[in-house]
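Peer 1: Here is how the chains run, residue by residue.
There are 2 protein chains.
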Amino acid sequence: MINKISIAVIKRLPRYYRYLGDLLDDGIVRISSKELSEKMKVTASQIRQDLNNFGGFGQQGYGYNVETLYEEIGKILGLEKKHSLVIIGAGNLGQAIIKYTDFEKRGFIFKGVFDSNPKVIGNTMHNIIVQDVADLKEFIKSKNIQIAVLTIPKSNAPELANDLEKWGIKAIWNFAPVDLNVSDKVTVENVHLSDSLMTLSYKLKDAENKTKK
Amino acid sequence: MINKISIAVIKRLPRYYRYLGDLLDDGIVRISSKELSEKMKVTASQIRQDLNNFGGFGQQGYGYNVETLYEEIGKILGLEKKHSLVIIGAGNLGQAIIKYTDFEKRGFIFKGVFDSNPKVIGNTMHNIIVQDVADLKEFIKSKNIQIAVLTIPKSNAPELANDLEKWGIKAIWNFAPVDLNVSDKVTVENVHLSDSLMTLSYKLKDAENKTKK
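Just so you know, the protein sequences line up as chains W and F, in that order. Per the working numbering, the very first residue in the first sequence carries number 8; after that it's consecutive. Per the working numbering, the very first residue in the second sequence carries number 8; after that it's consecutive.
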């Protein structure tokens, strides 16, 4: 039984998963928390604490079995089952995402791409024909789509997100630079690129100020 | 004199900036922390606390002047001066970023685009000719580029990041799905898309488990 886990720990899990996947690719079978700590530049005690949240998978003095740990974290992240996705917005960002082969490898299957621009509808993107967004409702229901990726401009996103909820979407991966107002039944994960760039700008300024002192 | 501000507060500033920008666009001159709190769905006391970190800009019972607050937060975020950027990787993600007009409006000026693929070099992206990455070093030095946007595959990113540091780059906006090993003189802001998608997967699974109970 897993208790409430802090969002900070959860945010670190994909990084563990990524590193363990690289270790697996390199044929490494076992790793100590000390070695993993050196690779990931977090303390060994942080690693032990984080993994203890999920019951811990290591044995004292013996290290972690890379494959087991990878699979267990995958299960925690919900990656043991496949997810069906649609992308809404067939622009460059939508194309970048659909071409990202790692997603499919991890069970995120892009079933459809939708756009409202007649010039784009009918084009092929990564072997998928771009469909009219007018057909989205029917598609989501008939194909039992869980996740929608929103790579559309800000202005249309909030209204569309509310429609997606009505049509049965359970999670939205939102790249539109606006916060959505769906109910708490829908999981939203935002990628606000401009927020990220402004954070970079802040950190850069902060670093410059320190150098001046 | 600004003391050490927690990363949590800093991460919220771009969101304040985004909301205040929308209010400005809507012609709103003044807003109370209560109204802003309702819009942003954070508590009014959180807003007051956050803004107090920077000396506070509001007057009790009178609210915030939207334009002043917008400008002040912009200064804190280092947006009062222009930044010169290069994009390395002229694929879909690089194209999506360069087309994003909001960045230029906020002072992030894309000076050059670079790629190593001969098929792409010489193409035009958003009125900028894609150059050979072999010419990057000279370009960074002669144009005094501060920020590099890395939209290239994982395998080349760590080595290139180390080169960028040698060539004088001060900040890297990293979209490659790998952690970089630059010194702490270089500011790194990561956008790890697969980590974000896995976080969404976790939250979706967590929500499903709660529904089942």
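Please keep in mind that the hints were generated in silico from the structure rather than gathered at the bench. Wrong hints could be hidden among the right ones.
In this list, chains with the same sequence are indistinguishable; a pair is considered to hold if it fits within one copy or across any two.
[Said to hold, decoys possible] With a straight-line cut-off of 30 angstroms between C-alpha atoms, the simulated DSSO-like cross-links for lysine-lysine are:
1. K18 x K219
2. K88 x K126
3. K41 x K118
4. K210 x K148
5. K219 x K41
6. K82 x K126
7. K212 x K161
8. K126 x K210
9. K118 x K173
10. K126 x K217
11. K217 x K106
Peer 1: With reference to the structure, classify each hint as holding or not holding.
Peer 2: We went through each hint and held it up to the structure:
In this assembly of identical chains, the alpha carbons of K18 and K219 lie at most 30 angstroms apart only when taken from different copies (24 angstroms versus 34 angstroms within one copy). Taking the closest pair of Cα atoms, K88 and K126 never come within 30 angstroms of each other, the shortest separation being 35 angstroms inside a single copy and 38 angstroms across copies. When the C-alpha separation of K41 and K118 is checked against a cutoff of 30 angstroms, the pair qualifies neither within a copy, at 41 angstroms, nor between copies, at 43 angstroms. For the identical chains of this complex, K210 and K148 are inter-copy neighbours only, at 22 angstroms across copies versus 44 angstroms inside a copy, given an alpha-carbon limit of 30 angstroms.
For the homomeric pair K219 and K41, neither the shortest alpha-carbon distance inside one copy (36 angstroms) nor that between copies (38 angstroms) is at most 30 angstroms. Proximity of K82 and K126 under a CA criterion of 30 angstroms is satisfied in neither setting, with 41 angstroms inside one chain copy and 41 angstroms between copies. In this assembly of identical chains, K212 and K161 lie within 30 angstroms of each other by CA distance both inside one copy and across copies; the values are 28 angstroms within and 27 angstroms between. Taking the shortest alpha-carbon separations for K126 and K210, neither the intra-copy value of 41 angstroms nor the inter-copy value of 36 angstroms comes in at or below 30 angstroms.
In the homo-oligomer, the alpha carbons of K118 and K173 lie at most 30 angstroms apart inside one protomer (19 angstroms), although the nearest pairing across protomers, at 44 angstroms, exceeds that limit. For the identical chains of this complex, K126 and K217 are neighbours neither inside a copy (51 angstroms) nor across copies (43 angstroms), given an alpha-carbon limit of 30 angstroms. Taking the shortest alpha-carbon separations for K217 and K106, neither the intra-copy value of 40 angstroms nor the inter-copy value of 33 angstroms comes in at or below 30 angstroms.
Hints 2, 3, 5, 6, 8, 10 and 11 from the list above are not met by this structure, while the remaining hints are.
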